[in-house]
Amino acid sequence: MSDIKIKIVDREGTLHEVDAPTDMNMNLMEVVRSYELAPEGTIGICGGMAMCASCQCYVKSDHELPEKSDDEDAMLAEAFYVEDNSRLGCQIHMTEDLDGLEVELAPES
Amino acid sequence: MIKTDILIIGAGPTGLFAVFEAGLLKLKCHLIDALPQAGGQCSEIYPKKPIYDIPGFPEILAGDLVTNLMEQIKPFQPGFTLGERAETIEKLEDDTFIVTTNKGTKHHAPIVAIAGGLGSFEPRKPLLENLDQFEDRGVAYIIKDPEVYRNKKVVIAGGGDSALDWSIFLADVAAEVTLVHRRNEFRGALDSVEKVQELKNLGKINLITPAEIIGLKGKDSLTSVIVKKAGDSAEEITLEVDNFIPLFGLSPKLGPIADWGLAIEKNAIIVDNTLDYQTNIPGIYAIGDVNTYPGKLKLILCGFHEATLMCQSAFQRIFPYKKYVMKYTTVGGVAGFDGSKKEAPKAVVKAIE
Chain A
1 MSDIKIKIVD
11 REGTLHEVDA
21 PTDMNMNLME
31 VVRSYELAPE
41 GTIGICGGMA
51 MCASCQCYVK
61 SDHELPEKSD
71 DEDAMLAEAF
81 YVEDNSRLGC
91 QIHMTEDLDG
101 LEVELAPES
Chain B
1 MIKTDILIIG
11 AGPTGLFAVF
21 EAGLLKLKCH
31 LIDALPQAGG
41 QCSEIYPKKP
51 IYDIPGFPEI
61 LAGDLVTNLM
71 EQIKPFQPGF
81 TLGERAETIE
91 KLEDDTFIVT
101 TNKGTKHHAP
111 IVAIAGGLGS
121 FEPRKPLLEN
131 LDQFEDRGVA
141 YIIKDPEVYR
151 NKKVVIAGGG
161 DSALDWSIFL
171 ADVAAEVTLV
181 HRRNEFRGAL
191 DSVEKVQELK
201 NLGKINLITP
211 AEIIGLKGKD
221 SLTSVIVKKA
231 GDSAEEITLE
241 VDNFIPLFGL
251 SPKLGPIADW
261 GLAIEKNAII
271 VDNTLDYQTN
281 IPGIYAIGDV
291 NTYPGKLKLI
301 LCGFHEATLM
311 CQSAFQRIFP
321 YKKYVMKYTT
331 VGGVAGFDGS
341 KKEAPKAVVK
351 AIE
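For the record, the sequence lines run as chains A and B. Using my numbering, the letters of the first sequence correspond one by one to residues 1 to 109. Using my numbering, the letters of the second sequence correspond one by one to residues 1 to 353.
Be careful, since some hints might not be right.
Unchecked claim - The list that follows gives simulated cross-link-like pairs (lysine-lysine, DSS-like), each with its CA atoms no further than 25 Å apart:
1) A:K7 x B:K204
2) B:K3 x B:K106
3) A:K68 x B:K229
4) B:K153 x B:K200
5) B:K26 x B:K48
6) B:K144 x B:K204
7) B:K49 x A:K68
8) B:K200 x B:K219
9) B:K26 x B:K3
10) B:K28 x B:K228
11) A:K68 x B:K48
12) B:K125 x B:K219
Simulated from the structure, these hints should not be mistaken for lab results. Small disclaimer: the values here were computed from a predicted structure and weren't measured.
Just chain B, same shape as in the assembly (with noise of 0.2 Å):
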């Protein structure tokens, strides 16, 4: 059981952000994202694109924003389960909560606050009739661990870097690598489309494109698939695998925290604005565009401000008689879990002679 103050759920910038400004109330936090890395949407959709909006940053690319922040709330050690989604939520007789994620991770805190954006990212799935059926006996959308398929004979869709990145990686590990994608053109980094020419002159990956997959065939488990091929040479084929990886992106959904009992309007968690970002249930907040109120505005620099007084509320929560008053850090400077201090250097005072 992992034990901390605050357990965020969604490590995107207004999750991370509420590490510090907890951290400046000595609150500790852990954090759960579905996806493997921290950063939400502006490392997994955006990382190479600019904004323009945060402020005291003319310009800052999303990914240099995370890792920014990552460097801001690296001396409060906030604790990561990474890669798992929360899935349920229990309310103790204390007050606390326990989340538990898909995996059986179980977090105990007596706050948790939602940051978990447009919801958990899930990989989108091909249109094909029968791709349920072929769920982890063939087809998987996400690859855990490459030496599953180690001497297999693999086919991968999709034009974009994962697809690419894959490709290239498996080429080395499995017996057979196919890429199949509609169009000719990949949307990738230079780098990663290079290689797959290269792969792809050396015989080590077969490319098919422009081209689809049709079907899928096979009893227990995936034995082929047909791939329709466009263009000129227009014909359909069927292709012997053993795996087939979608690889289409991934869209968010709201997921089981819809089922979490909370007030919910327009896919969003609906919070008091007017206080803290609480929602209805006492204890749990949402903060950044997860969250609904009168004039919520989806911006980054929101969710810092929200995160901000969330921290504020669930500190009183915690310590209900603590006496407390909000200290500039520029005056208490910042004093990290792991014994490091940053503070104003002071004023030298000495006499002209």
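Bound-form chain A, shown alone (with noise of 0.2 Å):
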């Protein structure tokens, strides 16, 4: 297993391309904790239950996603600025094949 790599905007617009491991169990969520692009306490607040949407992303290319649990979908139905490619960063584990994955995350709410 090996790293791959990510492209991630952050609310403020800002591109980071960064590497997220595949081998440690890590979701984009963390990903996105682990390289402090969102401030802490405005990402990842339930923890990764699919249960806050502070996790929220846009899915920019066109990878093939995991479907959405129905958790995910319900979180996705409550909250705001969703759009149709808008997903929850905890339930996107990384796996080699999201190599090249672009996101953008949405506002915080």
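Bring the two chains, given one by one in their own frames, into a single complex with the hints.
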């Protein structure tokens, strides 16, 4: 297993290209936190249970992502600034298939 | 004025356990929390989710952990100011503190322990242009007194338990209840979903899904909302209502504590972890998820440890000249302020003939 490259646009609009490990059981929300691309306390509030939507992001590339779980789908139905390409970062696990993934963090709400 | 030894801000697991450790030192505690119930995130966000890293519990539901903590601290008779947010702090000449809530309740204590987690939970407000204008004039995010809605036309938005439960409750109180949600599916206890279905069939709840409220109208107070229906029958309708209750959950905000003069970094309060989790203001401590120090981990089990050391330091601050050594509960037992006494049974000494 190796690292993959991910492009993340933060909430200020700055693009970051980061390496994400695929062997650390990490999800996209945790990658964002590990690089401190959003202030602590504004992302991953529920810890990754798909229960707060603070890690909402827009998926810009056409990678095939895992289907939304009922929990994720329901949470996005109650979140704000939701678009068709909205996902919860905490539900996107880092796998080799996601090399080159491009996402943008949704505004804080 | 409420008087206590340690005033704890935040009634989550860390704040609750601090009551126990303080009680062993014969210190009384009072807790303030913005939520209407104790337990913090464990009660509010994930009561039915299991936790696997509480020492001694291979698995425990967050809600059960709170129930257990409440039972554990009961002998120490903690006071609670719930549903109020700690707003201001004032240091008196004798180095004690007065903390006042947003509702004006005053608390006086020599020690303040902030166990505020990620902050106080504030309602998440929908993105509507003139929402502010109608706050308390038809728009409310929290239902304090259901009687306010008697014989009124009420529209509720949201898809979780609180939207379902209040729709059910208000169906018997209000003249009209409309529930608007962006999906046909609701995320809530099955009982509640079924009950709403039943009330919908009986014509007691007017359900509009998938739909969203996109506008508010009125002069001095709210008179109608604009509902945008999605899906096959996409259209915009105007719904005459007296009240709009958006229930989109809560999100934590550090809030007024950020203005108390405490050293803050990354939305957390900087503490001295080499000693006692005291902040830059002597007498104010920060424990649990709300604090930060090199190597900090936001874990409940770390909060318990921090609460324990904080209480020892608080004791020495209140009684600088009193001699004290830490006693194991197995040795000393637990003597409650309510007169209860728990202790290890004495060994029986009996000769074998």
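Verification of the hints:
1. Only pairs whose Cα atoms come within 25 Å are accepted, and K7 (chain A) paired with K204 (chain B) is rejected, the gap being roughly 50 Å.
2. Proposed proximity of K3 (chain B) and K106 (chain B) is supported: the alpha carbons are some 9 Å apart, at most 25 Å.
3. Restraint check for K68 (chain A) and K229 (chain B): satisfied, since their Cα atoms lie roughly 23 Å apart, inside the 25 Å limit.
4. Simply put, K153 (chain B) and K200 (chain B) have alpha-carbon atoms about 16 Å apart, close enough for the 25 Å limit, and the pair holds.
5. Restraint check: the Cα-Cα separation between K26 (chain B) and K48 (chain B) comes to about 34 Å, which exceeds 25 Å; the hinted pair is violated.
6. With a C-alpha separation of about 22 Å, the suggested pairing of K144 (chain B) with K204 (chain B) holds against the 25 Å cut-off.
7. Between K49 (chain B) and K68 (chain A) the alpha-carbon distance is near 19 Å, which keeps this suggested pair within the 25 Å criterion.
8. As the CA atoms of K200 (chain B) and K219 (chain B) are separated by approximately 31 Å, the hinted pair breaks the 25 Å bound.
9. This hinted pair checks out: K26 (chain B) and K3 (chain B) have alpha carbons roughly 15 Å apart, not beyond 25 Å.
10. A C-alpha spacing of about 54 Å is found between K28 (chain B) and K228 (chain B), which places the hinted pair above 25 Å, so the restraint is violated.
11. Between K68 (chain A) and K48 (chain B), the direct Cα distance comes to roughly 21 Å. Compliance with the 25 Å bound is thereby established for this hinted pair.
12. At roughly 21 Å between alpha-carbon atoms, K125 (chain B) and K219 (chain B) fall within 25 Å of each other, so this suggested pair holds.
Checked against the numbered hints above, the structure breaks hints 1, 5, 8 and 10 and satisfies the rest.
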